[in-house]
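Colleague: With chain L's structure known, arrange chain R on it following the hints.
So you can see what is in the structure, the chains are spelled out below.
Protein chains: 2
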Amino acid sequence: MQFELTREYIDDLKKLIDQKNETEAKAKVEHLHAADIADILDELNTEEAKYIFLLLDADTGADVLSEIEEDDRKRFIKVLPIEVIAKKFIDHMDSDDAADLIGGLSDEKQEELLSHIEDVETAGDIVDLLHYDEDTAGGLMGKELVIVNENWTVLTCLRELSRQAEDIDEIYYVYVVNDDGKLIGTLSLKKMILSPTSAKIGNIYEPDVMSVHTDESDEEVALIMEKYDLVALPVVDSIGRLMGRITIDDVVDVIRDEAEKDYQMASGIYEDIESNDSIWLQTRARLPWLLIGLVGGIFAAMVIATHETGLSATPALAFFIPLITAMAGNVGVQSSAIIVQGIASNSLGIESTFSRLMRELGGALINGLTCSSLLFLSNYFYSDSFALTISVSVALFAVMIFAAIAGTIIPLMLHRAKVDPALATGPFITTLNDIVGLFIYLSIGAYFYSMI
Amino acid sequence: MQFELTREYIDDLKKLIDQKNETEAKAKVEHLHAADIADILDELNTEEAKYIFLLLDADTGADVLSEIEEDDRKRFIKVLPIEVIAKKFIDHMDSDDAADLIGGLSDEKQEELLSHIEDVETAGDIVDLLHYDEDTAGGLMGKELVIVNENWTVLTCLRELSRQAEDIDEIYYVYVVNDDGKLIGTLSLKKMILSPTSAKIGNIYEPDVMSVHTDESDEEVALIMEKYDLVALPVVDSIGRLMGRITIDDVVDVIRDEAEKDYQMASGIYEDIESNDSIWLQTRARLPWLLIGLVGGIFAAMVIATHETGLSATPALAFFIPLITAMAGNVGVQSSAIIVQGIASNSLGIESTFSRLMRELGGALINGLTCSSLLFLSNYFYSDSFALTISVSVALFAVMIFAAIAGTIIPLMLHRAKVDPALATGPFITTLNDIVGLFIYLSIGAYFYSMI
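Protein chains in written order, with the working numbering: chain L, 81 to 532; chain R, 81 to 532.
Please note that the accuracy of each hint is not assured.
In silico contact screen, one side only, chain L against chain R (beta carbon under 8 Å); selected entries [to be verified]:
1) Arg87
2) Leu269
3) Arg336
4) Ile349
5) Thr363
6) Gly377
7) Ala406
8) Cys451
9) Ser458
10) Thr510
11) Leu518
Here are some chain R residues the structure puts well away from chain L; computed CB gaps all over 12 Å [as the list claims (entries may be wrong)]:
12) Leu136
13) Phe156
14) Pro161
15) Lys168
16) Glu198
17) Glu214
18) Gly282
19) Thr294
20) Ile485
Hint data in this document are derived by calculation from the structure and do not stem from the laboratory.
Positions of the beta carbon are idealized from the N, C-alpha and C atoms, including for glycine.
So that you can see chain L by itself, here it is in the shape it has in the complex (with noise of 0.2 Å):
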């Protein structure tokens, strides 16, 4: 039933393309679903990809528009004719799809493509999407809904349905508004169907409606869709007025974009990128951060510099440089992760920053204890250097704890003071945590060597 991509199917289809055998290279992907057309023109080149593109239908085409990632479809559209676009493809477009395509256009060429389109509404739907903010609900929502009045019957809505359904691929709400416009509730086809065609609307739709204001950011949007099982949700303006819907698929987006953006962030990787992406993008989404690492290792150098006598009459110490800046590095960075991830999935709840921090001290008590105790059976075994073994345990403990509350405190004070706390996780973290955790290891190290 799945369609498996392989290279021979790639290679076939090349083939084919190379040859101009429309019939066999339509008959090859017409068939597919759009999302696993996308999937196809991802590995053919730009030529290749507009032949296969230009072979589809137009609904499947504008499916296709819809589903291929943002760099491909770029590529694309500088490629096709604006006026193609316009009339076979953006036409069978869902409201919101097309809002997103035509809003990575330049002006000139948006104002281009709008004056092809021939429905005034669809047009007029687009415009309305192209002034919200790509990142909120507004520019998440779809102008598709099928809107009832509060007043009507069940036989008044279900004519009004065959009227407004017929360019909506799937109902899964009907909205009941007043007749100010103003979202009242829903009423579910289910119940619908069930009631008899003379009931009136006002004395069956459900009341209780979940809505997002327009400005809303569509992490939010995630998170409420998500906390709530929701399907669709439906989106008001300041007075409550409905402007759109935004649906689950779009959500599923956001949430696996915003949890790889935080592992991303953690990586080191300041962009989103694919694993498919040229060279040059994932260079300038993994330099910057390896730079901070590299300042932050000159830090480190002149850290060590300060210490250079001691290190010279102990060389010892320097032995477990390594394993001190790893350590501080390891509870960093698992740290903040607990909390960025708690902040992402506001699962925080109501609990206050110093408990938090209390039971973060707490856990880095244990496993600071442990950590230094093992180290310390180790070094008392192996090492015959007393002031070695004391002074590396007693300072991998006191950096485990550092780093422990940095890592906790940092992000939740980002978050504060509204900065995406996932900065302070990755090479940021790491690098702070390394500098300081030497600071602290030198320092223990040369007090016990001219102690003992």
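Modeller: What follows is chain R alone, placed relative to chain L:
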């Protein structure tokens, strides 16, 4: 419209519980969404939560039981009489949620609970679902389906719908089966409403239906629903008979869990934990990775110790140990994150391992050359030892190339060996890169110092 949980709200509620003020306590929670009530119970102790829980009506209580976190759910079920759970709540739950709940009990308790369920059909559905592995399509699916036969008319369908739909909250699709119970297609409610009542289902249904086998993994299910923008996905047995359906809300959790799990693994957190989990739970999840880091640090110390004579002669070599290990770690984490995310979102495409590695290598060359040139310049001006300057830069370059290769190849190899590639991220790859990086660095250092 949405409820915001505050410390004051919880304090007020606790006071009402303390005063045994049933009426007001009930009034304070009963208008809320089950998901919000679940959040509230999470902030109460077991006795308080039980008190509130028993005030809820059966429907809300069942929804709350499905919404609360697994730990909390177990805590509850322990203190509630098993007969109450069975009679009051299980009957009102979706079969998949009920099976999840019952699956968490001991065999003995399972039997006792099932014996209290009055509706034999419900009990049978739950027993069927208990057979499936939690991480498979069978474990995710529910039995709440609206099924119609291809030989029926729309009128028969509408009648059947009223009967079948009674227990089902929301209908997304109506599934069409043949006389053998095999899934042959779907029928949208929209289509049913818009067709004449005498139309035969066989003539109006949509035969293109995507389905999964009961044994399919939950991650694969999530990828399919995400890719094809599905709200519900039917599940079939090995001969194609319709067994159940999976809804998008269950899959959203799988997607978030999966993305979070990869991030947690990369951060050195072994079990799925929440920011609110107890110190013991968090320690159990974190300590194992820290111990790996500790052992790695001891190995690193040994690597440095073998170069002790060189280090005594030129202690400045020690200055750049943190820089080398940090950069090795950063590059390795970046490379492995890209691969692991590509695997998780199934976006690796059909590119071969070799060409992927070449691309990664290309990026590593650019990043490595940039970083080591900058370090060379910095040391050229600030260090008086040219041997140090050249050693550190050459070593940094070599280490970054090695880390990129290891970070790409190891997760790909694990994936091919059917081991979770996320294992290769985080402390494991950092530790490996630390040790190998140090070895490369100190060997190169020894070489240049003996040369110059």
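Colleague: Which of the numbered hints are not met once you compare them with the structure shown?
Modeller: Result: no hint breaks.
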